[in-house]
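Novice: Take these sequences, add in the hints, and give me the full structure.
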Amino acid sequence: MSRITLTPAAREALRDDEVVFFDWHVTGLCCADAGEFSVRPLRRSRLPKRARSLETDLVYAHPTAWVHLAELPVTIDCRPLWHWRRFTTDLPPDAGLRCCLGRPLYGSQHGR
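In the UniProt record's numbering, the protein residues as written are 1 to 112.
A few of these clues could be false.
[What the hints assert, rightly or not] Have a look at the derived ranges for each label pair, beta carbon to beta carbon:
1. Ser45 x Pro93: 27 to 35 Å
2. Ser53 x Arg15: 15 to 23 Å
3. Glu71 x Asp16: 28 to 36 Å
4. Ser45 x Pro92: 26 to 34 Å
Since the hints were derived computationally from the structure, they do not count as laboratory data.
Using N, Cα and C, we set each Cβ at its ideal position, and we do this for glycine too.
Specialist: As structure tokens, then:
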């Protein structure tokens, strides 16, 4: 299973009825798997029916995103930006593309 870690800032930023949701955005027309990740807070009552838990009851993912994240160590943080909460991860910015192409997300220099 996934090794998802929420920083103290991310845990504190979540409201009582919220979870962190990894969404999957399709970016390719020829490949159903071509896409990118986004991460955002979402009320539990608004979770898509097909959302899958990523080890903890605080983090869920779209089924396609779950396939790519299921075995990865990912840290989720929250950085306030004015009045908004901006949830971020330590995934590379092109993580979705790398997953689609079968490329490793982390090189040997990351020790992962």
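Novice: Now tell me, hint by hint, if it's right for this structure.
Specialist: Each hint, compared with the structure:
1. Evaluation of the 27 to 35 Å hint for Ser45 and Pro93 yields a pass: the beta carbon distance comes to about 31 Å.
2. Between Ser53 and Arg15, the C-beta spacing of about 19 Å keeps the proposed range 15 to 23 Å intact.
3. Look at Glu71 against Asp16: about 30 Å separates their beta carbons, and that is inside 28 to 36 Å.
4. Take Ser45 and Pro92: their Cβ atoms lie about 32 Å apart, and the range 26 to 34 Å holds.
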